[in-house]
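Taken in sequence, the protein lines are chains A and B.
My numbering numbers the first residue of the first sequence as 1 and each following residue consecutively.
My numbering numbers the first residue of the second sequence as 1 and each following residue consecutively.
No wet-lab data here; the hints were simulated from the structure.
One should not assume that every hint holds.
[To be verified] Partial chain B-side listing against chain A, Cβ under 10 Å, derived:
#1 TRP29
#2 VAL89
#3 MET103
#4 SER120
#5 ILE121
#6 PHE124
#7 ARG126
#8 GLY176
#9 LEU200
#10 LEU206
#11 ARG219
#12 VAL229
#13 SER234
#14 ALA235
[Said to hold, decoys possible] Residues from chain B that face chain A, not an exhaustive set, calculated with beta carbons under 8 Å:
#15 TRP15
#16 MET21
#17 THR30
#18 MET31
#19 LEU166
#20 ASP192
#21 LEU236
#22 CYS239
[As the list claims (entries may be wrong)] Each pair of labels, with its calculated beta carbon distance range:
#23 ASN21(A) - GLU164(B): 13 to 23 Å
#24 GLY42(A) - PRO134(B): 24 to 34 Å
#25 ALA56(A) - GLY150(B): 48 to 58 Å
#26 ASP46(A) - ASP63(B): 35 to 45 Å
#27 ALA69(B) - PHE20(A): 39 to 49 Å
#28 ALA56(B) - GLU57(A): 29 to 39 Å
Remember, predicted model here, so these are calculated numbers, not experimental data.
Every residue, glycine too, gets a C-beta built ideally from N, C-alpha and C.
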Amino acid sequence: MLLGRSSQDNDALNLNGTVFNEVDSGVEHGEALLRYSDAAVGRTADLAQAREALNAEIGPDAVVDCAATIANFQRMVRIADGCGIPLDPFSRQESAKWRDGLGIDTFRSRGNTFG
Amino acid sequence: MTTMTAPFAYRDTSWPVLERMAAAHRRSWTMLAEPGEWWTGAERISIAAECRRASALVDGLPDPGPGPAELPDAAAFAVHKLIGDLPNVTREWYDETISAEGMSDAHYIELLGVVVHVWSIDEFHRALEIELEPLPDPLPGAPTQTRPAGAKDHGSWPLTILPEDLDAPEADIYGGSERTANVRAAMSLHPDSVRWLSDLFDAHYLSWVEIGAEQEPYRVLSRPQRELVAARVSALNECFY
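With the sequences and hints as input, model every part of the structure.
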């Protein structure tokens, strides 16, 4: 699903910031969103603190929206990797420009997508 | 383990869960309880229960116990693999799984549909520390064992259906669109799983028609904010796609 983001016309998002904490994603409240995402997916001990930090920055409606987005992609990645779905040729070509920089070519599931 | 009251009321949480989201979760529980094409209602509940057992195992929590029906060993193992060992799901494992006793490609896709939707709703609850909804009572009935005639090899492990190959029974699954994303078509061997996916995708993230269009007013996070979270969750799961 990460490569799926490459097909979005989304200039506001620096993809390097989605993978590397030291890189600014360029997204408003990005740090708090990523901290909450990390805690929810990683089952870390600071889930409540991360959630409260996000709540303090942008409010409870945003926390629910973020939890829903996390839940959505916890589902989508399992569909993608559970079915070995291929990339369309355009996304394959476009993503080649930045895949190596993100380090995702080392993901074992690469073999599922590229066959 | 089961409930007779209306599920997903969200009365005991202070988090402002939208009614449209709660309604989608209730529809999910209705779909979960019904007999499918390849699994009975009781077996579908057992798949959901196994999903919770796998999650508890990963989290080091007590075993919540099995569901009401016995599952083939390969089915139970597949649930645990999809929840707790996703980066090591491979084509070879898929081929072994669908060849095992009591399994087929269609059994696997329906199982995957149950796993990902139950897991997703549970993950929403865990992220907000809301108690998990009890699983519903299974509804009676036999699986119909109906296989879509237009399913073909389009590069995914399971056969899938493109919009131009849809027959009347599944004509609605892509909302009338002439094109579809590979991830949306991935479970089309079991059309109800695509319908389920569309419903929850809309409730949790955005509708397929919203892609490339203006943001719906009830969405709070901006599109870049949601894309940031989406990409991070994908990276944390080491999902290449």
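Notebook entry, point to check: Going through the earlier hints one by one, which of them does the structure break, listed in rising order?
Noted result: 1, 3, 8, 17, 18, 19, 20, 23 and 26
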